[in-house]
Amino acid sequence: MDHFTVATSEKTFRKLFEKVRDNVSESTSGNVDLGPFSLSWNLGFRLEDGSIDLQGDNSVLISELDVVYDPVQLTFGIDIPEICIGGFCIIPTPFGCALRAPRICVFSADPDISLPLDISGLVESELSGSFRIKTRYFVDPARTAGMTDLDAEDAGVPNKWQFLLDPIWLDIDPLDISDTVGNILDQAIENAVDTLLGWLPGWAKDLIKAILGSIVDLIREILDIADDIDEWLSNLLGVSIGILDFVLTAVAGFLAKRFPIFEVEDPYPVLDYNGSLIPVKIPLIGMDAKITEDEMILTSNVGV
Amino acid sequence: MKALINTYAFRQTSIDSANLGVLGVVAHPISNDGEFEGSVFQNAVQAKTFHLTVSEQMKNKQADVDLFTLVAQCQRQRTRYEEPSYSMAENGYVVFFVSQGPGGFHVLLKEQRKQKSRRVFDSRKLQKGDFFIVSLLRPGIYEMAEKYAKAEGKITIAYPKIEKQPYVPKPPETVIVSEAGFKPSNLKLGAAQGVIFTIETSKAAVKVNLKEPSNGPGRKKGQTRDKVRWRNPSPIK
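The listed protein sequences correspond, in order, to chains A and B.
This note's numbering applies: residue 1 is where the first sequence begins, and numbers increase by one.
This note's numbering applies: residue 1 is where the second sequence begins, and numbers increase by one.
Next up, chain A with everything else stripped away, as it sits in the complex (with noise of 0.2 Å):
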């Protein structure tokens, strides 16, 4: 029989889990070339809601967890054509050309184009999974070797059991994104294309955009954006970038080895200094944690 058993309810164990969910997020960075375009990108998420439900099995499931994807900044680096006059037949015969104006390029080599793409907070996905408590023995590392239990709490480095939430498994769904985002991929390259042509006169610039028909479409056909943007970008961020396995990973990792749900210094301190008094504290071995459908109970003994 456990000298000490303590019991959360299951209200109690979500305000436990919605401290260490708002310390979730993470960000990332990097580059690819796709081909057509390169991709740079700097993304970051962070938690918000999801309901918790104690099981019967000894785990906790957590549901319609808001992944909230912020920052979303994507920056393209696109090769727009080159655009040249004349190369039109000055002497045509019925075997061919037999004179041709040569070509004078008015964009002399391919010119690049870099797209920037905000969408923060604009792509969402939801996460769910199964956990069980893992327990764990946690001796800080500022703890040096020649410390007192008592000078450890004085320095504020005492040991702890620590009690993770360990995944068994974990779902994300398909990104979610706001429909706000085509317009704003428009209006990006629209913007784009002016600082390109920003010191060209109104007519000059009137004449390469006629001459590029429209602009938005020969971008949007230059990065593969199908009629469906929301899929296309689902697809760059999912599999060019690969963010939901970055999500999923990150998570299992906050979870079960960096942010505990709940911690107990040992040995549990009793009474505090009293005059000459030293504090009392009691030993904890063997500490387990339990969940059942109403709550979750925490065992120990006591001893070294």
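Hint data in this document are derived by calculation from the structure and do not stem from the laboratory.
Ideal Cβ positions, reconstructed from N, Cα and C, are used throughout, including at glycine.
One or more of the hints may lead you astray.
Unchecked claim - In the EDC-like style, the derived pairs of lysine to aspartate or glutamate whose C-alpha atoms are separated by at most 20 Å in a straight line are: (1) B:K203 x B:E152; (2) B:K164 x A:D118; (3) B:K161 x A:E190; (4) B:K161 x A:D227; (5) B:K203 x A:E190; (6) B:K164 x A:D22.
Said to hold, decoys possible - Some chain A residues near chain B, calculated using beta-carbon distances under 10 Å: (7) S29; (8) W199; (9) I215; (10) D217; (11) I297.
Said to hold, decoys possible - Chain A is nowhere near these chain B residues, computed Cβ spacing over 12 Å in every case: (12) E35; (13) D64; (14) P84; (15) S185; (16) N209; (17) N215.
Got chain A; can you put chain B on it based on the hints?
This is chain B only, laid out in the frame that chain A set:
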């Protein structure tokens, strides 16, 4: 971001066969085989020479000579003695153009036979059978003039419309340059559409000058955009 924009193509509003720039091209036919010596002048100063071989053994009927590149190479090499050479088949055309830069070129061509040379072409005086080709970018009304026949005409370049489909200039228009003047003498073209001046007179110099630029629909010359004014709702009294 890097954008290599041919600035001179957008700045040029006067195109002169006797003073070649980015938007003008001169083509001269050579019917007999032989060795030719070319001299390139920029702003009336000789800048470079080149060699042209015309032979029935050559297959190409056209030799394109980029005057900008020719002179730029000369300046980079800091020598005038590495003479570039071109070759083409007889009954072909030597084509002089300027890919970039401020222009101001003319070319002399001499045929060399038995240690004697004879001038056969001066781009300032185009001959029968020559072509002068221009591609006008700036929308507006241009005046075309031929120096020796005192001929005049007008070219109107329409303002480009930005549409979903890319704008592709129509095929070039041909203008006959004869003693009687230009035929036709009034052209309405799209931007970047070519004009081929076919020389049918013994001596010609064609110049196309922008007279009245067009700033597009809704904006007339000198017209500025409407200002937006903010008024203090509670001004100091």
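Now for the hints, and whether the structure bears them out:
no.: 1; hint: B:K203 x B:E152; result: holds (16 Å)
no.: 2; hint: B:K164 x A:D118; result: violated (26 Å)
no.: 3; hint: B:K161 x A:E190; result: holds (17 Å)
no.: 4; hint: B:K161 x A:D227; result: violated (25 Å)
no.: 5; hint: B:K203 x A:E190; result: violated (50 Å)
no.: 6; hint: B:K164 x A:D22; result: violated (47 Å)
no.: 7; hint: S29; result: violated (20 Å)
no.: 8; hint: W199; result: holds (8 Å)
no.: 9; hint: I215; result: holds (9 Å)
no.: 10; hint: D217; result: holds (6 Å)
no.: 11; hint: I297; result: violated (62 Å)
no.: 12; hint: E35; result: holds (22 Å)
no.: 13; hint: D64; result: violated (5 Å)
no.: 14; hint: P84; result: holds (16 Å)
no.: 15; hint: S185; result: holds (20 Å)
no.: 16; hint: N209; result: holds (17 Å)
no.: 17; hint: N215; result: violated (6 Å)
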